[in-house]
Amino acid sequence: MIRNPQGDQTGATAHWEHYPHGADIGIRGMGRTIEEAFEQAAVALTGVITDPLRVESRKEVAIRCQAPDREVLLVDWLNGLIYEMAVRRLILARFQVSIEGDHLNGRAWGEEADVARHEPAVEVKGATYTDLFVGQNPDGAWVAQCVVDV
Amino acid sequence: MDTTLLNRVSDFEWHIEPQGKMRVRAVLYASEELIREMDMKVYEQIVNVATLPGIQQAAYAMPDAHWGYGFPIGGVAGFDPQEGGVVSAGGVGFDISCGVRTLLTGIKASELTLLKQPLADALYRHIPAGVGSRGLLNLDDAQLDEMLLSGARWALSRGYGREADLDRTEERGCMPGARPEAVSGFAKNRQRREMGTLGSGNHYLEVQHVRAIYDDACASAFGLAKDDVVVSIHCGSRGLGHQIGTDFLREMVLQAPQYGIELPDRELACAPIESPLGEKYLGAMRAAINCALANRQIITHLVRRAFAEVTPEADLSVLYDVSHNTCKVEEHLVDGRRKHIFIHRKGATRAFGPNHPEIPEALRPYGQPVLIGGTMGTASYILVGTPESEHRSFSSSCHGAGRQMSRHEATKHWRGRQLIDELADRGIIIRSPSPRGVAEEAPGAYKDVGAVVEASEKAGLSRRVAGLEPLICVKG
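Just so you know, the sequences run in chain order V and H.
Here the first sequence is numbered in the working numbering, starting from 450 and rising by one per residue.
Here the second sequence is numbered in the working numbering, starting from 67 and rising by one per residue.
Quick caveat, the hints were computed from the structure, so don't treat them as lab data.
No incorrect hints appear here.
Residues from chain V shown here face chain H by an in silico Cβ test under 10 angstroms; the list is partial: (1) 469; (2) 471; (3) 499; (4) 531; (5) 532; (6) 565; (7) 569; (8) 572.
Glycine is no exception: its CB is placed at the ideal position from the N, C-alpha and C atoms.
Kindly produce the complete structure, drawing on both the sequences and the hints.
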């Protein structure tokens, strides 16, 4: 299991991690709120491609989604980011999410992919419904996770 | 996987008899060792596939099966629309029509000895590979639609290739029934700049030499002899296919209750073949097949250019082009009746036996070439379809080695640059923009492709014709 350097193991503060899944990768964001968990899941998504700490915030992208439940909303949010990164040739690594009802408003910051500096390992094809979970741990921490296809 | 859960029919065939909501049995083809190495999730997933409406005969897992989303990778299932059969986006996968194309070069490995470095450089220069790489073309909407309708034939009309290339491509390079209007604007946007790109992950382009011949007559018909140099291209429909997978997986998840489909797991999302959503997906998926065929056709052209620069005496012709992530309508014998059924192959290769009309005429008496990708350091194989695979697996075989270690586990075991040096010592040149990508694709992260291929042969799904070893690998 890979944790981000700042992550704390208690789940009390926001952090992200990867977990193994067959040929693909599981991504997990944790936070005090559902929004934080979604933001951290997005950092975990970028962690599949490159080290998020190598990415500078030079460009901003806005993402809006609407879904019948919060799990589909997570998949939509991640797939929205995958789409923007692919079409604009960006790597996004800093995120801000607000969720109201079935709507998500997200902002993401990053920069154009630079092969020499980012050494991107793999492109993500899509977020899947496998191992998809959005909810709270017994300690109250929010978890947002799913498997992404690479 | 716990073998006591399975009914052992032979050394290479294992059954799960119908239980609970399963409509048919599940059949796994593999050696005991491969079965033991398989994740229990493969068991769960193949059982789930067997519960889907309209499934015919059995749900099959190939020897390289591993945990996927919805369907296992290495899963094969056929559905009859007359019996409420379904089509599943997860049963095809995100990388629609991912496949392998192998080119003959007409030169021997000994002729390449001094040219390996310059050839590796030329291939790496000509063929865009890796995350964010872009092709030479920037297609507008009309051009995209033409490409989605005509596939490799479109690429030919743009000057990328020869008529003879189409003879050696499934569907003669153009999948009928494509509906570009069923493809979202998002999917088209992702593809505009990606034609003729290799992608990343497990996609690659390899220059290989024929290490072993297992069937002289068949190899000769395929144009293969020992020490020949061949080129294999492994990639798919790029961003377009990924986005179509994303779009339709969502639609099918949301609409399944409307169609009265009870899903054991939402990732199995599907729609009746005879429904607006099912038909729309089939139209979009066929467009993505054309995109993959056009993509491999353009890359073929780029490979020819690279070879022409370095070794002009080489003459590159297509041996065959076969996809391993598709859903295709085929005629098969089920319970003594010939039926048109929708065969999903997700990480499984079509493997028609001798005399099937789909096979190019010159190869028809021998069977369809089945192209199996290995890993950077190990072997790849060329197999041929058998008559028995028709009733054993709807004419399907394995597609590759299959992972045995997750990507992160792999990066803990190997460093990309060290791996590149080790492979160089063994005479294999790697060109890749991403050392981490190379580490994630380390040969040791995969199952033994030799064991997978042997199991496919012993299970009667396909037969070995030639074994290939890499000389140069361009990795995305």
